[in-house]
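Produce the entire structure from the sequences given, and follow the hints as far as they go.
Protein sequences appear in the order of chains A and B.
The first sequence runs 1 to 326 under the working numbering.
The second sequence runs 1001 to 1287 under the working numbering.
What the hints contain is simulated information worked out from the structure, not anything from laboratory work.
Worth double-checking, as some hints may not be accurate.
What the hints assert, rightly or not - FRET-style restraints, in silico, Cβ to Cβ:
| # | chain 1 | residue 1 | chain 2 | residue 2 | range |
| --- | --- | --- | --- | --- | --- |
| 1 | A | Tyr137 | B | Pro1118 | 25 to 31 Å |
| 2 | A | Ser178 | B | Arg1168 | 47 to 53 Å |
| 3 | A | Gln191 | B | Leu1277 | 16 to 22 Å |
| 4 | B | Tyr1214 | A | Phe129 | 28 to 34 Å |
| 5 | A | Gln191 | B | Pro1118 | 38 to 44 Å |
| 6 | A | Val96 | B | Ile1007 | 37 to 43 Å |
| 7 | B | Ile1222 | A | Ser178 | 37 to 43 Å |
| 8 | B | Tyr1214 | A | Leu197 | 49 to 55 Å |
| 9 | B | Leu1159 | A | Gln191 | 34 to 40 Å |
| 10 | A | Val96 | B | Glu1133 | 44 to 50 Å |
| 11 | A | Leu75 | B | Val1010 | 45 to 51 Å |
| 12 | B | Glu1175 | A | Leu173 | 41 to 47 Å |
| 13 | A | Glu143 | B | Asn1091 | 52 to 58 Å |
Don't be surprised by glycine CBs; every beta carbon is placed ideally from N, CA and C.
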Amino acid sequence: MVRFLGLGLLLLGLLLFPLAVELPYPQHVMILIFLYAMMGLAWNIIGGYAGQVSLGDATYFGIGAYTTAILLRELNLSPWVGMALGALNAVVVSLVLGYPCFRVRGHYFAIATIALNEIVATIFTNWDFVGGAVGIYVPILPESFVNLQFHRSKAPYYYIALGMLILVILLNLWLSRSRLGYYFRAIRANQDAARALGIDITRYKLIAYALTAAITSLGGSFYAMYVLYIDPTSVFAFSISLLVVLVAVLGGVGTVAGPILGSVILISLSEGTRVLLGGTGRALDVAIYGLLVMAISVLQPQGLVAWFRALRQPKAREAKVGRAPS
Amino acid sequence: MTAELLIQVVVSGLLIGFVFALISVGLTLIFGVMDIVNFAHGEFLMLAMFTAFWLYALFGVDPLFSVLACGPLLFLVGVLTHKLLIKHILNAPMLAQIFCTFGLSVFLKSLAQFLWGPNFRSVTEPLLGGRIELFGVFFGLPQVTAALGAVAATGAVYLLIYRTELGRALQATSEDRQTAALMGIDTEKMFTLAWGIGAGCVGVAGALLAMFYYIYPEVGTIFALTSYVVVALGGFGSVTGALVGGLIIGLVQVVSGFFSPAFKMVVVYLVYLAVILIRPQGLFGRW
Chain A
1 MVRFLGLGLL LLGLLLFPLA VELPYPQHVM ILIFLYAMMG LAWNIIGGYA GQVSLGDATY
61 FGIGAYTTAI LLRELNLSPW VGMALGALNA VVVSLVLGYP CFRVRGHYFA IATIALNEIV
121 ATIFTNWDFV GGAVGIYVPI LPESFVNLQF HRSKAPYYYI ALGMLILVIL LNLWLSRSRL
181 GYYFRAIRAN QDAARALGID ITRYKLIAYA LTAAITSLGG SFYAMYVLYI DPTSVFAFSI
241 SLLVVLVAVL GGVGTVAGPI LGSVILISLS EGTRVLLGGT GRALDVAIYG LLVMAISVLQ
301 PQGLVAWFRA LRQPKAREAK VGRAPS
Chain B
1001 MTAELLIQVV VSGLLIGFVF ALISVGLTLI FGVMDIVNFA HGEFLMLAMF TAFWLYALFG
1061 VDPLFSVLAC GPLLFLVGVL THKLLIKHIL NAPMLAQIFC TFGLSVFLKS LAQFLWGPNF
1121 RSVTEPLLGG RIELFGVFFG LPQVTAALGA VAATGAVYLL IYRTELGRAL QATSEDRQTA
1181 ALMGIDTEKM FTLAWGIGAG CVGVAGALLA MFYYIYPEVG TIFALTSYVV VALGGFGSVT
1241 GALVGGLIIG LVQVVSGFFS PAFKMVVVYL VYLAVILIRP QGLFGRW
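Written out as structure tokens, the structure is:
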């Protein structure tokens, strides 16, 4: 009961935030937090539930961004349709890559996702139709929900990002309770045992990866319409893949709260250090990320959420001893 | 394509291929013994290249001699990596293992950028500069020297692993660490040694590359990705595979770079995907 009340108050606060704080920058930071929380939750499906490390989610982010921008420029297609088709594109690419990789051991897949991102980025950089290295300016349309463009205020983007995040949270919650989610976790815990129980592991890994790709692509489409300019170095950046993974790992993989918590911490940290250090390009914030990831993977491989839970229930932790690490 | 051009492309491919082989031997050795992919391998290489650069820029030491400093220094980096990080996650889930070396990679890369800036640097006048004529075709002397150095270092590691008692202990540990421990092998020592030698290989390779390659914080990424492809092609854990794979990938890269410079790495990655699809155990891998 207290928990629902707390969640309700949090949601109310989030809904009122743009009215209370009208400055564009805090709203921008919140939008980034929603965006990365959403993509962290997307990564959570393949990386957290199904246990397959993808290090190339920027591929799908870029595919979503480019599909939306190009369909709008060439066919004057609504960005919402572009979003849907972008997600479809992303699903197709994820299946083509996933099929060969999921038959072999985990690190092959991790490396393949990096390689795929490099391949796609190189193709887009050298492809004149999509603007090559210069990129694409999204055509400016009249302000409206259908056009997904708002020029006077960031607040509509804020609500759209929040809405998308809530949908992805609901998807994750459903997954964590559904049969599908149990299959994913069975695969992560022990592939051979899962196979022995009759789970078609390649098939379920593909489903998990396609879901991740589709949601990440939605994030990319949103980004294209929010920033209105995309180029290969900004949407296929390895730093996007990195941040998405870190958000999930810091918070706790395989949990719903983890990636949200991770996004709040990492985006605040990144924006904070950027404001403080004045964008020196010296990458100090990234160095801190690196240290964090090492520290977490050595000291608390299950992430912050697990750590909080252990703090709250020291006995539950003791009870876990003797069970295989999940 | 004329005969000269063919020789030019093939020999250039083999020259860089020997360097790829040395880097990949380090990666495959760590993987073979530890069952962990070192995602910070490229950054180890970058550290060695910067070490060679600073020795040159500050003290005028030629990269050829820096090999003697970079090898041991990176050996130490490898040992520290094991002692401080890897040792604690030997039995952790693979997720934690991947993230640990991945985090190390991110940390080292951005640390280098913080300390030395993102600029490209180079060793302007290596001791063995200029060019040399082979088979009627001219090659950069630094490239030839680097290849010879890489051959010597790879040969030394090969002898160490396949011809000495210590090497047999390493092999045994990679075969089955529990049985190896039962046979009285100090596996913890073998783990440390694998990290030391594995990182030492890139230490030597980094100093050799510094003779002719640009040096910047991100330089490791491209070599790391290449060496993952090499190791997948040769077979994870196989030293012979790393050597053969290095030469093949060197050739592939130079030949595809000849036809289309922008897509040369794309072809290398496609080789990787093809290996997964057709022969996931690689050329010499045990599966």
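These are the hints, each one checked on the structure:
no.: 1; hint: Tyr137/A <-> Pro1118/B: 25 to 31 Å; in the structure: 27 Å, holds
no.: 2; hint: Ser178/A <-> Arg1168/B: 47 to 53 Å; in the structure: 51 Å, holds
no.: 3; hint: Gln191/A <-> Leu1277/B: 16 to 22 Å; in the structure: 20 Å, holds
no.: 4; hint: Tyr1214/B <-> Phe129/A: 28 to 34 Å; in the structure: 31 Å, holds
no.: 5; hint: Gln191/A <-> Pro1118/B: 38 to 44 Å; in the structure: 41 Å, holds
no.: 6; hint: Val96/A <-> Ile1007/B: 37 to 43 Å; in the structure: 38 Å, holds
no.: 7; hint: Ile1222/B <-> Ser178/A: 37 to 43 Å; in the structure: 42 Å, holds
no.: 8; hint: Tyr1214/B <-> Leu197/A: 49 to 55 Å; in the structure: 53 Å, holds
no.: 9; hint: Leu1159/B <-> Gln191/A: 34 to 40 Å; in the structure: 38 Å, holds
no.: 10; hint: Val96/A <-> Glu1133/B: 44 to 50 Å; in the structure: 47 Å, holds
no.: 11; hint: Leu75/A <-> Val1010/B: 45 to 51 Å; in the structure: 48 Å, holds
no.: 12; hint: Glu1175/B <-> Leu173/A: 41 to 47 Å; in the structure: 45 Å, holds
no.: 13; hint: Glu143/A <-> Asn1091/B: 52 to 58 Å; in the structure: 56 Å, holds
Of the numbered hints listed earlier, not one is contradicted by the structure.
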